[in-house]
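**Student:** This is what each chain is made of:
Protein chains: 2
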Amino acid sequence: MTRVAICAPATPITRDVADAVGALVTAHFPEIRLVFHEQCFASDGHFAGPDAARLTALLECANDSSFDAVWFARGGYGSNRIARAAIERMNDAARRKGYLGFSDCGFILGGLYRERIGRPAHGPMPVNVLSEEGPAAVLRSLSWLAGSEDWLEPGLDGRPTVAFNLMTLSALTGTSLMPDLTGHVVIVEEVAEHLYAIDRLFFHVVAHLRGVAGLRLGTVTAVPENDRPFGSEAEDIARYWCDRAGIPYLGRARVGHDPSNTIVPFGLAAGGARA
Amino acid sequence: MTRVAICAPATPITRDVADAVGALVTAHFPEIRLVFHEQCFASDGHFAGPDAARLTALLECANDSSFDAVWFARGGYGSNRIARAAIERMNDAARRKGYLGFSDCGFILGGLYRERIGRPAHGPMPVNVLSEEGPAAVLRSLSWLAGSEDWLEPGLDGRPTVAFNLMTLSALTGTSLMPDLTGHVVIVEEVAEHLYAIDRLFFHVVAHLRGVAGLRLGTVTAVPENDRPFGSEAEDIARYWCDRAGIPYLGRARVGHDPSNTIVPFGLAAGGARA
Numbered sequence: 001m002t003r004v005a006i007c008a009p010a011t012p013i014t015r016d017v018a019d020a021v022g023a024l025v026t027a028h029f030p031e032i033r034l035v036f037h038e039q040c041f042a043s044d045g046h047f048a049g050p051d052a053a054r055l056t057a058l059l060e061c062a063n064d065s066s067f068d069a070v071w072f073a074r075g076g077y078g079s080n081r082i083a084r085a086a087i088e089r090m091n092d093a094a095r096r097k098g099y100l101g102f103s104d105c106g107f108i109l110g111g112l113y114r115e116r117i118g119r120p121a122h123g124p125m126p127v128n129v130l131s132e133e134g135p136a137a138v139l140r141s142l143s144w145l146a147g148s149e150d151w152l153e154p155g156l157d158g159r160p161t162v163a164f165n166l167m168t169l170s171a172l173t174g175t176s177l178m179p180d181l182t183g184h185v186v187i188v189e190e191v192a193e194h195l196y197a198i199d200r201l202f203f204h205v206v207a208h209l210r211g212v213a214g215l216r217l218g219t220v221t222a223v224p225e226n227d228r229p230f231g232s233e234a235e236d237i238a239r240y241w242c243d244r245a246g247i248p249y250l251g252r253a254r255v256g257h258d259p260s261n262t263i264v265p266f267g268l269a270a271g272g273a274r275a
Numbered sequence: 001m002t003r004v005a006i007c008a009p010a011t012p013i014t015r016d017v018a019d020a021v022g023a024l025v026t027a028h029f030p031e032i033r034l035v036f037h038e039q040c041f042a043s044d045g046h047f048a049g050p051d052a053a054r055l056t057a058l059l060e061c062a063n064d065s066s067f068d069a070v071w072f073a074r075g076g077y078g079s080n081r082i083a084r085a086a087i088e089r090m091n092d093a094a095r096r097k098g099y100l101g102f103s104d105c106g107f108i109l110g111g112l113y114r115e116r117i118g119r120p121a122h123g124p125m126p127v128n129v130l131s132e133e134g135p136a137a138v139l140r141s142l143s144w145l146a147g148s149e150d151w152l153e154p155g156l157d158g159r160p161t162v163a164f165n166l167m168t169l170s171a172l173t174g175t176s177l178m179p180d181l182t183g184h185v186v187i188v189e190e191v192a193e194h195l196y197a198i199d200r201l202f203f204h205v206v207a208h209l210r211g212v213a214g215l216r217l218g219t220v221t222a223v224p225e226n227d228r229p230f231g232s233e234a235e236d237i238a239r240y241w242c243d244r245a246g247i248p249y250l251g252r253a254r255v256g257h258d259p260s261n262t263i264v265p266f267g268l269a270a271g272g273a274r275a
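One line per chain: the protein sequences are A and B, in this order.
Using UniProt numbering, you'd call the opening residue of the first sequence number 1 and step up by one each time.
Using UniProt numbering, you'd call the opening residue of the second sequence number 1 and step up by one each time.
Hints are computed from structural coordinates only; laboratory data are not their basis.
It is possible that part of the hints are untrue.
If you want the ones that stay clear, here's a sample from chain B, every Cβ over 12 Å from chain A, calculated [unchecked claim]:
no.	residue
1	23
2	25
3	26
4	30
5	33
6	50
7	59
8	83
9	117
10	133
11	179
Derived Cβ-Cβ restraints for the label pairs, each shown as a range [as the list claims (entries may be wrong)]:
no.	chain 1	residue 1	chain 2	residue 2	range
12	A	150	B	194	30 to 40 Å
13	A	130	B	194	45 to 55 Å
14	A	268	B	192	39 to 49 Å
15	B	131	A	89	26 to 36 Å
16	B	235	A	211	33 to 43 Å
A short, non-exhaustive set of chain A residues, derived as facing chain B with CB atoms under 10 Å [claimed, not checked]:
no.	residue
17	33
18	170
19	199
These figures come from a predicted structure and were not determined experimentally.
Glycine included, each C-beta is placed from N, C-alpha and C at the ideal position.
All chains should be built: construct the whole structure from the sequences, respecting the hints.
**Tutor:** Written out as C-alpha cells, the structure is:
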C-alpha cells in the first residue's frame, strides 16, 4: 500500500476532480490510497484558502510519517507565498517522501530540491484529470507514486535533470527557493504566454543558468494571438537565447501543460516516489 | 537649440505619432529640434526592424555629438535584445546625453545607469501622444528635454531614485543590464497584468532589492479581469511584499502607463536632459 496525501498550495480543486482521480485509482492502482486534504476545496480570493491554511495543510501532509508522498492538487498561483515557511518546518518524515506536481508548484519543488528534502518530481496533477486525455496523464503520475519508472520523461539521461514552468523558473531566480542547477539539464515549458513574453523570459532565465549542462524545451501551448506575429517560434526562441548564453540546446521534452506531460524526478531518476 | 534624436529600440511607431509630437514641439518648444530616425517606422515581426537595424539606429543617435538627447519612441518589447551590445559600443558623445523613455525601454535605462553612461530618465514617450491626455504627458518629456525640472516626479527627495516597469525590473535582475540599486528609492509601475502576476513579480523583485532605501508604487492600470477576484489590491500587494522583505514602503508615485506619468531622472535629479 502506498499512501498519498493531496493538498493545494496554490489554487483549489473541486470535488469532481477528487472523484475522478479516485475512480482511476480504484480501477488501475488499488495499491494506492489517496487522501485529499480538506484544504484542497477551500477558497479565499485567488487561493485555496489563506496562506496560513495552505501552509498548515502542506505541513500536515509532509510531516505525517504515514504518507509516502505528497501530491499537489493544482497550480495556478500561490505556492511561492508559503514554500519557504513550509520547508523550514519540515521534519524527518517530510525528508523521506516524494513530492509531485508542476506549474506554480515548481516553487515548492525548487525549494525542496535546493534543500535536498525528499524526492521532488515534475508531473501531472489531479486537476489535469478533467481535461481531454487528462486521465492518461494522471495515470502516469499514479504509476510513479506507486513506485514505477515506466513514465519518466523519455529523454532523461545520466545527468541530473529538473523541469520547470518557464515563468515559475524566472520568478524563482535569486530567491531563497532557487536550487543550484550547475551541471543539470533544465527542461522548461510554458502555457498561455505571448511569444514576446517567452522571449523576455528566456532573456532573463539564461542569465541565471550559467554552468548548466543544457536546456530542453517542453511544450509551449495556448499561446495567445497577438496584434502581429512575433516572427519566430518557441523553439527558435529557445535556441536563440541558448546560443547567446552559451548553453547547449538539447531538443524537445515531453513536459508541459498538455496531456503528453511525463514525470521528471529532480536530480537523478532513481525509483519512484518511494525510492 | 536642443537637438533630440528619436529611435525605437523595441516596437515601431507610425508617422502620425511623429506628426503629432512635431506639432507639439512647434507650438510649445520651438527651441527643440526633433529628429525621428527612419528606423522608428520599420517593422520586422514584433519589432521595429531586425535587431541589427535597431542596434544601429540606437548607436547612430547615441554616438552623434550633434544630439543632446535620445528619446525612445515606444516600448512594447525588444530593447533587451540590443541593449548590452549598444552600451558596449557607445562613445564619448553618448556619455554626455540624456536618455528618456520607459516601459520596455527600462532595459536600456537600467543598463546605461549601471554603466553610468549619460543621464537616463523614466518618462513619457512619443507614442503616448495618441492617447487621451497623452499630449500633456508628452509635453512633460519635452520640457525635461529642453532642460527644465518642472515636471519631475513630485515625491523625489535627496535619495537617488530609479523607476521601472515591474515586469521589466523582474526580467533585468541578474542580467548584465541590472544596476546596483543599493540606497535607492525604487519606483515600480505595471500595466495590463493580472493581480496574481503582480503578486508573483513582487515576490521575485523584492529578493533582488536588498539594501534599497525603499519602494514606491506608481500606477497599476488596465488590470485584466480574472475568473475570480484576487482578494487584495495592488497597493496591498506592494505593502505585503515590502513588509516580508524588510523594505520600507514609501507610498505612491506619479509614474506609469497613464497620462499622469512624470519624469524620474535615474540617480539624483540635477538639471534636465542637458545638465
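**Student:** Broken hints, numbered, in rising order?
**Tutor:** As far as the earlier hints go, 6, 8, 13, 15, 17 are violated by this structure, in ascending order.
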